[in-house]
Amino acid sequence: GQQVMQIPQYQHVQEGEDFTTYCNSSTTLSNIQWYKQRPGGHPVFLIQLVKSGEVKKQKRLTFQFGEAKKNSSLHITATQTTDVGTYFCAGPEAGGGADGLTFGKGTHLIIQP
Amino acid sequence: KAGVTQTPRYLIKTRGQQVTLSCSPISGHRSVSWYQQTPGQGLQFLFEYFSETQRNKGNFPGRFSGRQFSNSRSEMNVSTLELGDSALYLCASSLEARGEQYFGPGTRLTVT
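Chains as they are written, first to last, in my numbering: chain A, 1 to 113; chain B, 114 to 225.
Honestly, the hints are just simulated from the structure, not real lab data. The model shown is predicted, which means the values in this text are computed figures rather than measured ones. Some hints could be false.
With the C-beta cut set under 10 angstroms, the calculated list includes, among others, these residues of chain B facing chain A [what the hints assert, rightly or not]:
id : residue
1  : 123
2  : 124
3  : 125
4  : 127
5  : 129
6  : 143
7  : 155
8  : 165
9  : 175
10 : 203
11 : 210
12 : 211
13 : 213
14 : 217
15 : 219
Covered stretches of chain A (in silico footprint by chain B; criterion: 3 or more residues with CB under 8 angstroms from a CB of chain B, positions within the stretch not fixed) [said to hold, decoys possible]:
id : stretch
16 : 13-26
17 : 64-73
Here are the computed lysine to any residue pairs in the SDA-like style, where the Cα-Cα straight-line distance is at most 25 angstroms [to be verified]:
id : chain 1 : residue 1 : chain 2 : residue 2
18 : A       : 105       : B       : 115
19 : B       : 170       : A       : 59
20 : B       : 114       : A       : 105
21 : B       : 170       : A       : 56
22 : A       : 36        : B       : 218
23 : A       : 105       : B       : 130
24 : A       : 57        : B       : 137
25 : A       : 56        : B       : 199
26 : A       : 70        : B       : 114
27 : A       : 105       : B       : 140
28 : A       : 105       : B       : 209
29 : B       : 170       : A       : 44
30 : A       : 59        : A       : 95
31 : A       : 105       : B       : 195
32 : A       : 36        : B       : 140
33 : A       : 36        : B       : 195
34 : A       : 59        : B       : 122
35 : A       : 56        : B       : 137
36 : A       : 57        : B       : 195
Each residue gets a CB set at the ideal place from its N, CA and C atoms; glycine is no exception.
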């Protein structure tokens, strides 16, 4: 079945440094969704990208969807302590597969002040 | 709008028992999905219901089942509990099948 891989698994950064997490799917996706989960909390929807090559920005966060619609990235500029958490990507397989929404295992962002 | 609610929030059961978890979606959302979250396996998709019909199913044994009612509320049942079923069970609702997910706070299940 469909697999979604995320790297790195953990990322330690100093506050103010940039952060990037990468997401790769084994199959073509209809769209890519990104979520953030704070420690002790539940995943919160951040954004959805639909078009091949699409780039969207939310303040310091930049999301990209690959041309082949199989990979994506999330880049955070000048990290702040409020960015701490686990970032997940998720995508439904193109063509309406029966697997539902497949999540990557997430990238844990740890920020050192 | 009120968010997704899940009950109970915490549950302790013993091996062999069964458990039923409940989820109330955001008003107007017809799709409800269930996920199991563990430190080792991450977020794993269990199943999705849309308008009372199971649309998608993950790779879990038949001990895991669910249903959705006409008011979109959903229940998930796990029979013959095993120690490995200990996890955070998250429910999420969305407007459309496999759409952007709005998660509830989860039910923390501990099997002893």
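Against the structure, the hints come out as follows:
no.	hint	verdict
1	123	violated, 13 angstroms
2	124	violated, 16 angstroms
3	125	violated, 19 angstroms
4	127	violated, 26 angstroms
5	129	violated, 29 angstroms
6	143	violated, 15 angstroms
7	155	holds, 4 angstroms
8	165	violated, 17 angstroms
9	175	violated, 16 angstroms
10	203	holds, 6 angstroms
11	210	holds, 8 angstroms
12	211	holds, 4 angstroms
13	213	holds, 5 angstroms
14	217	holds, 7 angstroms
15	219	holds, 6 angstroms
16	13-26	violated (count 0)
17	64-73	violated (count 0)
18	105(A) - 115(B)	violated, 28 angstroms
19	170(B) - 59(A)	violated, 36 angstroms
20	114(B) - 105(A)	violated, 30 angstroms
21	170(B) - 56(A)	violated, 31 angstroms
22	36(A) - 218(B)	holds, 14 angstroms
23	105(A) - 130(B)	violated, 29 angstroms
24	57(A) - 137(B)	violated, 32 angstroms
25	56(A) - 199(B)	violated, 37 angstroms
26	70(A) - 114(B)	violated, 34 angstroms
27	105(A) - 140(B)	violated, 29 angstroms
28	105(A) - 209(B)	holds, 24 angstroms
29	170(B) - 44(A)	holds, 22 angstroms
30	59(A) - 95(A)	violated, 32 angstroms
31	105(A) - 195(B)	holds, 23 angstroms
32	36(A) - 140(B)	holds, 23 angstroms
33	36(A) - 195(B)	violated, 30 angstroms
34	59(A) - 122(B)	violated, 34 angstroms
35	56(A) - 137(B)	violated, 31 angstroms
36	57(A) - 195(B)	violated, 44 angstroms
Violated hints, listed in ascending order, are 1, 2, 3, 4, 5, 6, 8, 9, 16, 17, 18, 19, 20, 21, 23, 24, 25, 26, 27, 30, 33, 34, 35 and 36; each of the other numbered hints is respected by the structure.
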